[in-house]
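Novice: Chains as they are written, first to last, in the working numbering: chain U, 1 to 115; chain Y, 1 to 115.
By construction, these hints were calculated from the structure, which means they are not laboratory data.
One thing to keep in mind: the hints can contain errors.
As the list claims (entries may be wrong) - Simulated crosslink set (DSBU-like; lysine-lysine; CA at most 30 Å straight-line):
hint, chain 1, residue 1, chain 2, residue 2
1, Y, K83, U, K56
2, Y, K71, U, K5
3, U, K5, Y, K44
4, U, K54, U, K71
5, U, K68, Y, K62
6, Y, K15, Y, K44
7, Y, K44, U, K71
This structure is a prediction, so every number in the text was calculated from the model and none was measured.
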Amino acid sequence: DQQVKQNSPSLSVQEGRISILNCDYTNSMFDYFLWYKKYPAEGPTFLISISSIKDKNEDGRFTVFLNKSAKHLSLHIVPSQPGDSAVYFCAASTNYGGATNKLIFGTGTLLAVQP
Amino acid sequence: EAGVAQSPRYKIIEKRQSVAFWCNPISGHATLYWYQQILGQGPKLLIQFQNNGVVDDSQLPKDRFSAERLKGVDSTLKIQPAKLEDSAVYLCASSLTSGGAYEQYFGPGTRLTVT
Chain U
1 DQQVKQNSPS
11 LSVQEGRISI
21 LNCDYTNSMF
31 DYFLWYKKYP
41 AEGPTFLISI
51 SSIKDKNEDG
61 RFTVFLNKSA
71 KHLSLHIVPS
81 QPGDSAVYFC
91 AASTNYGGAT
101 NKLIFGTGTL
111 LAVQP
Chain Y
1 EAGVAQSPRY
11 KIIEKRQSVA
21 FWCNPISGHA
31 TLYWYQQILG
41 QGPKLLIQFQ
51 NNGVVDDSQL
61 PKDRFSAERL
71 KGVDSTLKIQ
81 PAKLEDSAVY
91 LCASSLTSGG
101 AYEQYFGPGT
111 RLTVT
């Protein structure tokens, strides 16, 4: 049972254009969402997050949008740079502010930004 | 600030052999996680420690996997005996505490190949 789904295994974008990575979830109890970026042979690194009380969070070139009714979130990268080429994981948690911080990860999307 | 350290980085063993992985979290981080990432999938939580106590080990195959966190700092994850399906990257992560929006910081992982 895949509770967090990233249906696009890969995405190719031209440098300077917008990259949009999508994530869908099935568990309506998820209340906190995160995006992680992973380079080869390295562990995932935190990128940006959003709680379920918001519908948008922005940090520099990165913006995450949350549509709770559709159980969908997306990560926008504008403008895209070659250094953004990596695997992006969407993750969700059911216990924001609680005693545990268990993350459920999607399968990842490989982003390739072409110079 | 030093990141999460893991060793070894790579390990190749034959099925039915034993293997152990070591993790040193970021100094001051009370919560430590072990994840298993199989090729093409997102990380899956195996076990979560809060200081030296287990918070969640619901997805740990306890018949062959064991983990401990001595003195609430370093941790080891052991597999005995290994199976072919245990081939994966084992990621260690830590966070300041287990609740709330505290992001998890990941180590580089140990790539295990079982032949």
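Novice: Please name the hints from earlier in the document that this structure breaks, with their numbers sorted from lowest to highest.
Specialist: 1, 2 and 5
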